[in-house]
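Chains as they are written, first to last, in our numbering: chain X, 646 to 875; chain V, 12 to 327.
Keep in mind the hints are simulated off the structure, nothing from the lab.
Don't take each hint at face value.
[Unchecked claim] List of simulated lysine-lysine pairs, DSS-like, C-alpha gap at most 30 Å:
1) Lys241/V x Lys319/V
2) Lys241/V x Lys763/X
3) Lys228/V x Lys249/V
4) Lys228/V x Lys241/V
5) Lys842/X x Lys763/X
6) Lys319/V x Lys759/X
7) Lys228/V x Lys763/X
[As the list claims (entries may be wrong)] Simulated restraints on C-beta separations:
8) Glu327/V x Leu714/X: 26 to 34 Å
9) Val224/V x Pro648/X: 43 to 51 Å
10) Thr170/V x Asn712/X: 21 to 29 Å
11) Pro768/X x Leu311/V: 25 to 33 Å
Values in this document were obtained by computation on a predicted structure and should not be read as measured data.
A virtual CB, placed ideally from N, CA and C, is assigned to each residue, including glycine.
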Amino acid sequence: MDPILILVCVILGGVLASLGVHLLPVGGAPAAMGTATGVATGTVMLMFGAAMCGLFTASSVATFSDNILLVSLSGSVGSWLMMGVTMLVANVIYVFGTGIVPVSGRVDVDPITKEPQKAYKTPQCDGHGVPNVSYISGMVGALLGGFGGAIMYFGLLNYAHFEETMAGIAAMGIFVANAIIAAYNIGGTIEGFQDPKFKRLPKALVSCGVISLLCGVLVVLVVNLGGLTG
Amino acid sequence: MPIEIAMLFAWMLLIVFLALVACMFEDLESDVGSQSNPNSQVQLAPQVGQVHRFFNKAISGEAPAYALYCTVAGVIAWVLLSKGAHPIIAIPIGAVVGEAVHLIFSVTAHVGRTTAQKRFEQPIYLDVLYGHIMPIATHGFMATLCITAIAYIQSNLGTLSGNPGLDHPFALPMLAFIWGITVGAIGSSTGDIHYGTEREFQDRPFGEGKRVVYHGKITRYADCGVRTQKDIAAFCAKFGGPCTGLTFGVIILFENWRTLVGMQVARYLPNLEAAAGDSAAVIGIVVGLVIGVVMIVGNLVLVRWARKRYGTFVGE
Numbered sequence: 646m647d648p649i650l651i652l653v654c655v656i657l658g659g660v661l662a663s664l665g666v667h668l669l670p671v672g673g674a675p676a677a678m679g680t681a682t683g684v685a686t687g688t689v690m691l692m693f694g695a696a697m698c699g700l701f702t703a704s705s706v707a708t709f710s711d712n713i714l715l716v717s718l719s720g721s722v723g724s725w726l727m728m729g730v731t732m733l734v735a736n737v738i739y740v741f742g743t744g745i746v747p748v749s750g751r752v753d754v755d756p757i758t759k760e761p762q763k764a765y766k767t768p769q770c771d772g773h774g775v776p777n778v779s780y781i782s783g784m785v786g787a788l789l790g791g792f793g794g795a796i797m798y799f800g801l802l803n804y805a806h807f808e809e810t811m812a813g814i815a816a817m818g819i820f821v822a823n824a825i826i827a828a829y830n831i832g833g834t835i836e837g838f839q840d841p842k843f844k845r846l847p848k849a850l851v852s853c854g855v856i857s858l859l860c861g862v863l864v865v866l867v868v869n870l871g872g873l874t875g
Numbered sequence: 012m013p014i015e016i017a018m019l020f021a022w023m024l025l026i027v028f029l030a031l032v033a034c035m036f037e038d039l040e041s042d043v044g045s046q047s048n049p050n051s052q053v054q055l056a057p058q059v060g061q062v063h064r065f066f067n068k069a070i071s072g073e074a075p076a077y078a079l080y081c082t083v084a085g086v087i088a089w090v091l092l093s094k095g096a097h098p099i100i101a102i103p104i105g106a107v108v109g110e111a112v113h114l115i116f117s118v119t120a121h122v123g124r125t126t127a128q129k130r131f132e133q134p135i136y137l138d139v140l141y142g143h144i145m146p147i148a149t150h151g152f153m154a155t156l157c158i159t160a161i162a163y164i165q166s167n168l169g170t171l172s173g174n175p176g177l178d179h180p181f182a183l184p185m186l187a188f189i190w191g192i193t194v195g196a197i198g199s200s201t202g203d204i205h206y207g208t209e210r211e212f213q214d215r216p217f218g219e220g221k222r223v224v225y226h227g228k229i230t231r232y233a234d235c236g237v238r239t240q241k242d243i244a245a246f247c248a249k250f251g252g253p254c255t256g257l258t259f260g261v262i263i264l265f266e267n268w269r270t271l272v273g274m275q276v277a278r279y280l281p282n283l284e285a286a287a288g289d290s291a292a293v294i295g296i297v298v299g300l301v302i303g304v305v306m307i308v309g310n311l312v313l314v315r316w317a318r319k320r321y322g323t324f325v326g327e
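So here's chain X without its partners, still in its complex pose:
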């Protein structure tokens, strides 16, 4: 057991989870009515779902590779695919099922494609659908969040020597704690990096760093008490 490596993995994973959550376009309940931009679900649920996909692949890859970077990247690509398909099909339903053009409610011009947004927006709505800038922001957020979840799993598996399922459960628990902190910071909905709420990020990163440090210390204590060896 190497306590420093465990702490590094857990803190890095927690901070990346928080950063990932801030980049996801989450519209919550209003998005399900086409009243807000983003994916129509809760922040924690979306990030957790994406991270679970990543964790599944990371745990598979960890059986045949002991390279921390490859296992973590496998997890991050798992999350990236989950978010990519989910946002794309959400847009398919917006466009073909409800006849709505995806637009941002927070910026007048898409910062990436330079497409004007305001003229396409329904009055009394805070945007609708997943515009390109939010899509790309969400993909980057999923990459970072998935990397965070997978690196935590790798640290718990190989440095804390937890049994595979136990390492997965512990990584999930720490990940969710950080995602919830980030969700509190966002306050329900966010469009991505172009949203003014994104400027609140530093506070969340500090909080998540502290929470993850505490979780890491707990993991080290558990390892010293015998560990979760199944």
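Chain V: place on chain X using the hints.
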């Protein structure tokens, strides 16, 4: 191609099909019970004077709810399997127990929520309560059954395809939990849009976001009289449900396929050559990144097409 590898890909395709069915039924179940995000409108309706005959089941977000049902089902199935039961028996029994938990939550959530709205004169219609229990149970059973079956296959994938070294390291209940969370997150993210934006507000203009002033004023009457949640499922089964199923199916397909392709191209299979493990991981990562980039381009094309086809907002 050795038969073990062919079997691996065959089992993967079966998992993809089960995922498609699971997520479609999960989404339709959430429409029948009005769970997740659009439930906010069902909840709000009596408060703005719109007494309705909808089922009001907001137990929690769909992701934690399905994680619970699938994990209960997975644990029961796992215990039965460890006692020597055949999977054909163990998996459905697990799913039935998971659905029993689901129904207890459904009934208490509906009755509890509706009772709390007495001050807004919202009655508890017993025929609505009784009439929606079976559709919720059957749709939920299909979703839970498929997820438990996926978890069983994945935790025994190697054994089933003739190479026990390829069994997934997670135990069956853990895999059921993972896919329960994911199926709920996807059902909530995609299928809810068709129900919340279109079906709940069908008497409002098509082709625009639902304005804040419409909130709570849900469509309560259908062609043949008063609308209940059951005909919402029939509507959403034509587009929202299948799209949601497709989402989960495609995710599972990409996730498993890229890993298997990596293993195959790097010659990790069929003898599990440890030296080829890193190459297999790299190929899997590259394939996943390429698929993601294609999806980003796909979204660009879709948004551009919608902007050109529908044009700027022209209403009031």
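Those earlier numbered hints the structure runs against, lowest number first | 1, 2, 8 and 9
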